[in-house]
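First to last, the protein sequences are chains W and P. Residue numbers for the first sequence follow the numbering used here, beginning at 1 and rising by one. Residue numbers for the second sequence follow the numbering used here, beginning at 1001 and rising by one.
Read the hints as simulated data drawn from the structure, not as lab findings. Hints are not guaranteed to be accurate.
[Stated by the list, open to error] Pairwise CB distance ranges (calculated): (1) P/A1173 x W/N153: 46 to 56 Å; (2) W/D110 x P/S1117: 31 to 41 Å; (3) P/S1102 x W/K151: 33 to 43 Å; (4) W/K151 x P/A1173: 44 to 54 Å; (5) P/Y1162 x W/V106: 26 to 36 Å; (6) W/V187 x P/K1159: 51 to 61 Å; (7) W/P56 x P/V1187: 46 to 56 Å.
Built from N, CA and C at the ideal position, the CB exists for glycine as well.
Protein chains: 2
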Amino acid sequence: MNPIEHVLEFMTEIEKLKDVQRKTRPVGLNRYENSAEHSWHVCLSALMLKDYANEPINIDRVIKMLLIHDLGEIDAGDTIIYAGETKEIKEKEEAGIKRVFSLLPVGKADEYISLWSEFELGESVDAKYAKAIDRVPPLLHNLKGEGHSWKDNNVPKEKVFYLNSRIAKGSTALWNVLKGKLNKAVVDGILK
Amino acid sequence: MNPIEHVLEFMTEIEKLKDVQRKTRPVGLNRYENSAEHSWHVCLSALMLKDYANEPINIDRVIKMLLIHDLGEIDAGDTIIYAGETKEIKEKEEAGIKRVFSLLPVGKADEYISLWSEFELGESVDAKYAKAIDRVPPLLHNLKGEGHSWKDNNVPKEKVFYLNSRIAKGSTALWNVLKGKLNKAVVDGILK
Chain W
1 MNPIEHVLEF MTEIEKLKDV QRKTRPVGLN RYENSAEHSW HVCLSALMLK
51 DYANEPINID RVIKMLLIHD LGEIDAGDTI IYAGETKEIK EKEEAGIKRV
101 FSLLPVGKAD EYISLWSEFE LGESVDAKYA KAIDRVPPLL HNLKGEGHSW
151 KDNNVPKEKV FYLNSRIAKG STALWNVLKG KLNKAVVDGI LK
Chain P
1001 MNPIEHVLEF MTEIEKLKDV QRKTRPVGLN RYENSAEHSW HVCLSALMLK
1051 DYANEPINID RVIKMLLIHD LGEIDAGDTI IYAGETKEIK EKEEAGIKRV
1101 FSLLPVGKAD EYISLWSEFE LGESVDAKYA KAIDRVPPLL HNLKGEGHSW
1151 KDNNVPKEKV FYLNSRIAKG STALWNVLKG KLNKAVVDGI LK
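Chain W with its partners taken away, still in its complex shape (with noise of 0.2 Å):
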């Protein structure tokens, strides 16, 4: 089989992605976000905040690393980050980053599940700076959106400003100003 075949097969897998519903809906509409448009919006979203990471990135591995982050949910779905990363999902999640990478030309996939590991392990500056990135959106959604997604999960605010400081990690220019935010959805009564 022509290498390129292999491409578009992998081309046609990954468009489950474009099915696998999230847990808050995009600023102004109706519906939940999927996967795939939210990966589109962090890759982006990167690029744009690129000069506030707390160390010099590299800002082409971590959109690289963006571009793939969430192909694990294909198998696996996708898990609200408070409800804890059990190692469960996690396995499933590798299982399934290595099963959806086996669809490209031989020696291709290695590369790929590396730059995957090292996002999940979050660890390297660029993951750092990734994963710092990844929780933005969900936080603007309920931040514009009324907390809705803090309220149909039944998360207390102590847990939002908890889990979300690991962004600090990443850019603490950017948690300073998500960290503004969220003390003025408290008062608001948005976050409680």
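Please build the complex by placing chain P on the supplied structure of chain W, with the hints as guidance.
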């Protein structure tokens, strides 16, 4: 205002691309595709097909082009390529791009407006490849979805071959594989 606030406004504005409906349905889904998830799909497809470009490309520039290539549709809406690219639509898209990027911190817009113009012009090596990749998913949607969009929009096979043959400008190898699939679709009666 803190420049990060400007970027957060930009991130909120581009959410609207998730509500721009395209003319094909993703493989396996009953709903139409939106331009945000499409943008993700072409970025990742471009990455995986990069070795098949006619000339050496800068994949990082290509991905950035494709991340932003449809932002003008927030104001102009999506147009099927078979409808022809009128001057009026292109002007509306350009005005839209400029409006959306004007939300960014001072001095940040020009670089991206220039990248968008390069894509639209389609003459640089990177733009020719990016434009080629942009045409592939609608073909896959039709090929795997009984030619639904060709039928719905009364697109004859001559037009499908003629307009998509431009894929060869970015990747002859890719066009050759797709041409084979289109020929089979004609034999199968999916493309008339």
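inquiry  = Of the numbered hints stated earlier in the document, which are not met by this structure?
reply    = none
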